[in-house]
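> Sequence:
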Amino acid sequence: MSLYYKSLLEAPQREYKEKLLRLGIKDLCFDPFIDCETWEDNVTKWPDVQFGEIYCYHVDTPGQFTRETSKAYRSLEAYNFFHSGWVQTVLSSTLGSDKCFLKAKVNRSQAPSEKPHEAWVCVDTDCTILNAHCTCMAGLGEVCSHVAAILFKIEASVRLGYNKVACTSMPCLWNQNFTKKVKS
Numbered sequence: 001m002s003l004y005y006k007s008l009l010e011a012p013q014r015e016y017k018e019k020l021l022r023l024g025i026k027d028l029c030f031d032p033f034i035d036c037e038t039w040e041d042n043v044t045k046w047p048d049v050q051f052g053e054i055y056c057y058h059v060d061t062p063g064q065f066t067r068e069t070s071k072a073y074r075s076l077e078a079y080n081f082f083h084s085g086w087v088q089t090v091l092s093s094t095l096g097s098d099k100c101f102l103k104a105k106v107n108r109s110q111a112p113s114e115k116p117h118e119a120w121v122c123v124d125t126d127c128t129i130l131n132a133h134c135t136c137m138a139g140l141g142e143v144c145s146h147v148a149a150i151l152f153k154i155e156a157s158v159r160l161g162y163n164k165v166a167c168t169s170m171p172c173l174w175n176q177n178f179t180k181k182v183k184s
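With the numbering used here applied, the sequence shown covers 1 to 184.
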């Protein structure tokens, strides 16, 4: 159990535990707020989350984001958190073969010098955002500016190709056979 989980009152503890159960986490030892060796700082392990998935998650999940605010995403506080560099190092971890968790600390908007909020996002193999959580007051609701800021950082890395292996890191492919097989 994480310190965060222990700090919650009974009802929010129950909600958080149910959220983890819906994601297939039966043992609270894999609470995303627990630091362990399964978390990696490796951008190539990030899923290919696109803006469309972020938009759908924001609009379909009850919270502060609407169709109108999501269309004007660059004016959102969440986008400004990302753009201002307030999203710290994003770590990733897989759960089974079908889920990827991503977590990061995000500076507070009202008190940037205080301890940052911690947030996590769970994405499945087809890049659908399944769930999220944050230590901020809105975090139990699954959609807050801190979660959205992490998603914007992931989307930017995908759009810019940062989550792909560089061609100079791959084996030489130019020496492959270039002839096409002719069907008889």
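Keep in mind that the hints were calculated from the coordinates and are not lab data. Even glycine gets a Cβ: it sits at the ideal position worked out from N, Cα and C. The reader is advised that the hints may include incorrect statements.
[To be verified] Computed list of lysine-lysine pairs in DSS-like fashion (alpha-carbon distance at most 27 Å, straight line):
1) K115 to K19
2) K115 to K164
3) K6 to K17
4) K115 to K6
5) K164 to K17
6) K6 to K26
7) K26 to K105
8) K19 to K105
9) K99 to K26
[To be verified] Using C-beta positions, here's what the derived DEER-type ranges look like:
10) T94 to L160: 36 to 44 Å
11) Y55 to P12: 23 to 31 Å
12) Q88 to L160: 17 to 25 Å
> All hints, please: hold or fail.
Hint check:
no.	hint	result
1	K115 to K19	holds, 25 Å
2	K115 to K164	violated, 32 Å
3	K6 to K17	holds, 11 Å
4	K115 to K6	holds, 18 Å
5	K164 to K17	violated, 34 Å
6	K6 to K26	holds, 17 Å
7	K26 to K105	holds, 25 Å
8	K19 to K105	holds, 20 Å
9	K99 to K26	holds, 14 Å
10	T94 to L160: 36 to 44 Å	violated, 23 Å
11	Y55 to P12: 23 to 31 Å	holds, 28 Å
12	Q88 to L160: 17 to 25 Å	holds, 19 Å
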